[in-house]
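Visitor: Residues per chain, in single letters:
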Amino acid sequence: NAGVMQNPRHLVRRRGQEARLRCSPMKGHSHVYWYRQLPEEGLKFMVYLQKENIIDESGMPKERFSAEFPKEGPSILRIQQVVRGDSAAYFCASSYSGLAGGKIGEQYFGPGTRLTVT
Amino acid sequence: GEDVEQSLFLSVREGDSSVINCTYTDSSSTYLYWYKQEPGAGLQLLTYIFSNMDMKQDQRLTVLLNKKDKHLSLRIADTQTGDSAIYFCAELPIAGGTSYGKLTFGQGTILTVHP
Chain Y
1 NAGVMQNPRH
11 LVRRRGQEAR
21 LRCSPMKGHS
31 HVYWYRQLPE
41 EGLKFMVYLQ
51 KENIIDESGM
61 PKERFSAEFP
71 KEGPSILRIQ
81 QVVRGDSAAY
91 FCASSYSGLA
101 GGKIGEQYFG
111 PGTRLTVT
Chain L
1001 GEDVEQSLFL
1011 SVREGDSSVI
1021 NCTYTDSSST
1031 YLYWYKQEPG
1041 AGLQLLTYIF
1051 SNMDMKQDQR
1061 LTVLLNKKDK
1071 HLSLRIADTQ
1081 TGDSAIYFCA
1091 ELPIAGGTSY
1101 GKLTFGQGTI
1111 LTVHP
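One line per chain: the protein sequences are Y and L, in this order. By our numbering, the letter at position 111 of the first sequence is numbered 111, and the numbering carries on one by one without gaps. Every position in the second sequence, counted from 1, becomes a number in our numbering once 1000 is added.
Errors might be hidden in some of the hints.
Within a straight-line C-alpha distance of at most 27 Å, the following computed DSS-like cross-link-like pairs (lysine-lysine) qualify [as the list claims (entries may be wrong)]:
(1) Y/LYS51 - Y/LYS62
(2) Y/LYS27 - Y/LYS51
(3) L/LYS1070 - Y/LYS44
(4) L/LYS1036 - Y/LYS44
Pairwise CB distance ranges, derived in the manner of DEER restraints [claimed, not checked]:
(5) Y/GLN50 - L/PHE1009: 36 to 46 Å
(6) L/LEU1045 - Y/ASN7: 15 to 25 Å
(7) Y/SER97 - L/MET1055: 23 to 33 Å
(8) Y/ASN53 - L/THR1025: 27 to 37 Å
(9) L/ASP1078 - Y/GLN17: 43 to 53 Å
(10) Y/GLY59 - L/LEU1061: 23 to 33 Å
(11) Y/GLY16 - L/GLN1080: 39 to 49 Å
(12) Y/GLY85 - L/ASN1052: 33 to 43 Å
(13) L/PHE1009 - Y/ARG22: 27 to 37 Å
(14) L/ASN1052 - Y/SER97: 18 to 28 Å
(15) L/ASP1054 - Y/ARG15: 45 to 55 Å
(16) Y/VAL12 - L/LYS1068: 40 to 50 Å
(17) L/GLU1005 - Y/GLU68: 26 to 36 Å
These are computed hints drawn from the structure, not numbers from a lab. On a predicted model such as this, the values are computed, not experimentally measured, just so you know. A virtual CB, placed ideally from N, CA and C, is assigned to each residue, including glycine.
Could you build all of it, start to finish, from the sequences and the hints given here?
Guide: The following block contains the structure:
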């Protein structure tokens, strides 16, 4: 029973390039969340997606960032024209249900993608 | 408000108890979680409590909730060197009986366990 998978684990990009981060949720989970962890900080919510729908993107920067969760395939977090301030660990989590409430809403986290912008 | 706050560092001796504290600010019903993060790894859910509970115990872990003061603590009994990690508390408020999983995290407490 594979957990949440993220790839790549480490990604190095030059300023101005694009970064694509992938997340495959746990089997049976159709809700995906992306969080960003800046150095020495806690995780900050970015976006919540269900299959083919963005439910809440209130934590996403207005420009350069986008996310999708297609009907088939992993969820993708895309950062265009990266800048040094985008360097962070990006974590994906998945849950069986989007509703909070004990076990069904539990979020399981992937190992993260560590993005370094040079 | 959405601020969840934790003390940044805690150092204990192996075999002692560790107590990690957290304050949250949402006044409505809420779920409160404790996660553990080891170096270079993702977050592992340790335990959670709903705000209508005062205490929850799970093996070496005890969660205490003081709803009046919006204070949450995680006690680890018989702390081992393998418990050295960053511990995050996180809040998930319930709105109108339902909510979705927009967790708000504290900045994390670095627990160091000395032999």
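Visitor: All hints, please: hold or fail.
Guide: Hints and how they fare:
no. : hint                            : verdict
1   : Y/LYS51 - Y/LYS62               : 22 Å, holds
2   : Y/LYS27 - Y/LYS51               : 13 Å, holds
3   : L/LYS1070 - Y/LYS44             : 21 Å, holds
4   : L/LYS1036 - Y/LYS44             : 16 Å, holds
5   : Y/GLN50 - L/PHE1009: 36 to 46 Å : 38 Å, holds
6   : L/LEU1045 - Y/ASN7: 15 to 25 Å  : 22 Å, holds
7   : Y/SER97 - L/MET1055: 23 to 33 Å : 26 Å, holds
8   : Y/ASN53 - L/THR1025: 27 to 37 Å : 30 Å, holds
9   : L/ASP1078 - Y/GLN17: 43 to 53 Å : 49 Å, holds
10  : Y/GLY59 - L/LEU1061: 23 to 33 Å : 29 Å, holds
11  : Y/GLY16 - L/GLN1080: 39 to 49 Å : 46 Å, holds
12  : Y/GLY85 - L/ASN1052: 33 to 43 Å : 41 Å, holds
13  : L/PHE1009 - Y/ARG22: 27 to 37 Å : 34 Å, holds
14  : L/ASN1052 - Y/SER97: 18 to 28 Å : 20 Å, holds
15  : L/ASP1054 - Y/ARG15: 45 to 55 Å : 51 Å, holds
16  : Y/VAL12 - L/LYS1068: 40 to 50 Å : 49 Å, holds
17  : L/GLU1005 - Y/GLU68: 26 to 36 Å : 34 Å, holds
When each numbered hint is compared with the structure, no violation occurs for any of them.
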